[in-house]
Amino acid sequence: MNYGIKVSKKDYDVKTTALANLVFTSEKNLFKIAQKGTWQIALSYSTYYDYYLDPEGTLFHKWSGETTIIHNLGYVPSFEIWGQEPREISDNYFKWTYEMYTWWGAPMAKYIIADSIKLIIGYFEATRDDLYEYTDSPNRTTINGIYSIYKDPML
Amino acid sequence: MAYGIKVSQTGHDVKTCDDKDLVFSSDWNTYKIKQEVLLNVVVGTPYTYNHNLGYIPFVWAFYRTESGEWAPDGFNTDFESFNISVNSTSILINIDGDDTGEKRSVKLFLMEKII
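Just so you know, the sequences run in chain order U and E.
As numbered in the numbering used here, the first sequence has no gaps in its residue numbers, which increase by one up to the final residue, 155.
As numbered in the numbering used here, the second sequence has no gaps in its residue numbers, which increase by one up to the final residue, 115.
Watch out, some of these pointers could steer you wrong.
Claimed, not checked - Below, computed lysine-lysine pairings styled on DSSO-like, alpha-carbon distance capped at 30 Å:
#	chain 1	residue 1	chain 2	residue 2
1	E	K113	U	K36
2	U	K9	E	K32
3	U	K15	E	K15
4	E	K107	U	K28
5	E	K103	E	K20
6	U	K36	U	K110
7	E	K113	U	K110
8	E	K6	U	K110
9	E	K103	U	K6
10	E	K103	U	K10
11	E	K20	U	K36
12	E	K103	U	K118
13	E	K103	U	K36
14	E	K15	U	K95
15	U	K118	E	K113
16	U	K36	E	K15
17	E	K107	U	K110
18	U	K36	U	K6
19	E	K6	E	K34
What the hints assert, rightly or not - Listing some non-contacts, in silico: residues in chain E with all C-beta distances to chain U over 12 Å:
#	residue
20	A2
21	L38
22	N40
23	D73
Rather than coming from a laboratory, the hints here were simulated on the basis of the structure.
Because the structure is a prediction, the values reported are computed rather than measured.
Cβ coordinates follow ideal geometry from the N, Cα and C atoms, glycine included.
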């Protein structure tokens, strides 16, 4: 004998209707929210010298910041991250994905890393001083975002 | 006494299994779909969808590419891109590419606010 629960949409017979007409079925998993909330990164300015191209070093202007969200689930969970973009004019939130551009004149990285304890969200951008006239900071140095961490593991 | 409902995945005992092996538990909330929208968006013309929810919702967004397949937002190729951004009142949809003026189908799922 089979066990389980099904809930159909209004006007559909739960015993015969197709999967698309079910609101819930125990045969299909749901993303269960383990933790949700907001996050914020305060970008800070600094400079550094890169010695890869020039033994005397090449000056870079850097904006970077990082935040850590602890979940302590004991396994790597599935998750979703949205947040503002430092170089965008609008205050809108965008889906945050992993981006890394290593071009030596203006490297940039937006990263999200998850392990069994935490989620790290970070941003990095740099501008080579002798290649560009460095005048502009990001449109915002405080980045706001939202996140959901699901009970459902990555593997 | 504790109250609630748990539904386990096939092959797991609902009374003893780990939370991750549950299909559903009243201990853990799930996102409900607040709005489901199908739109026609013109390539090269930003489109604003007003959801008027009063909060910034999680959004699952997909669009139908020129070749007829569906792709999620964050779609960026040499020929076409599909990106969205969201605030507490609206969603801005941008499809840019070579086929300016053509229409693309866009599907949005906006999630209920979880408090």
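We went through each hint and held it up to the structure:
For the hint linking K113 (chain E) to K36 (chain U), the alpha-carbon distance of about 11 Å falls within 30 Å, and the restraint holds. As the CA atoms of K9 (chain U) and K32 (chain E) are separated by approximately 14 Å, the hinted pair is consistent with the 30 Å bound. Of the supplied pair hints, the one linking K15 (chain U) and K15 (chain E) holds, its CA atoms being roughly 26 Å apart against a limit of 30 Å. Distance check on the hinted pair: K107 (chain E) and K28 (chain U) sit about 22 Å apart at the alpha-carbon level, within 30 Å; holds.
With a CA separation close to 42 Å, the supplied pair K103 (chain E) and K20 (chain E) exceeds the 30 Å bound. The hinted pair formed by K36 (chain U) and K110 (chain U) meets the criterion: a straight-line CA distance of about 20 Å does not exceed 30 Å. A hinted pair counts as satisfied when its Cα atoms are at most 30 Å apart, and K113 (chain E) with K110 (chain U) qualifies at roughly 26 Å. Between K6 (chain E) and K110 (chain U) the alpha-carbon distance is near 38 Å, which puts this suggested pair outside the 30 Å criterion.
Distance check on the hinted pair: K103 (chain E) and K6 (chain U) sit about 38 Å apart at the alpha-carbon level, beyond 30 Å; violated. Taking the CA atoms of K103 (chain E) and K10 (chain U), the gap is near 33 Å; set against the 30 Å cutoff, the hint is violated. For the proposed pair K20 (chain E) and K36 (chain U), the alpha carbon gap of about 17 Å is at most 30 Å, so the pair holds. Between K103 (chain E) and K118 (chain U) the CA atoms are separated by roughly 42 Å; this puts the pair beyond 30 Å, and the hint is violated.
Among the hinted pairs, K103 (chain E) with K36 (chain U) is inconsistent with the structure: their alpha-carbon atoms are about 36 Å apart, more than 30 Å. Of the pairs offered as hints, the one joining K15 (chain E) and K95 (chain U) is violated, with about 37 Å between alpha carbons and a cut-off of 30 Å exceeded. Pair hint K118 (chain U) plus K113 (chain E) holds up; C-alpha atoms about 24 Å apart against a cutoff of 30 Å. At roughly 26 Å between alpha-carbon atoms, K36 (chain U) and K15 (chain E) fall within 30 Å of each other, so this suggested pair holds.
Our distance criterion of 30 Å between C-alpha atoms is met by K107 (chain E) and K110 (chain U), whose separation comes to about 26 Å. Between the alpha carbons of K36 (chain U) and K6 (chain U) the distance comes to roughly 27 Å, so the proposed pair stays at or under 30 Å and holds. For the proposed pair K6 (chain E) and K34 (chain E), the alpha carbon gap of about 24 Å is at most 30 Å, so the pair holds. Even its closest Cβ contact with chain U, about 17 Å, leaves A2 (chain E) beyond 12 Å, as expected for a residue assigned away from the interface.
A cut-off of 12 Å between C-beta atoms confirms that L38 (chain E) is not in contact with chain U; the least separation is 15 Å. Taking the minimum C-beta to C-beta distance to chain U, about 22 Å, the non-interface status of N40 (chain E) holds against the 12 Å cut. Here D73 (chain E) does not stay apart from chain U, with its beta-carbon only about 6 Å from theirs, under the 12 Å limit.
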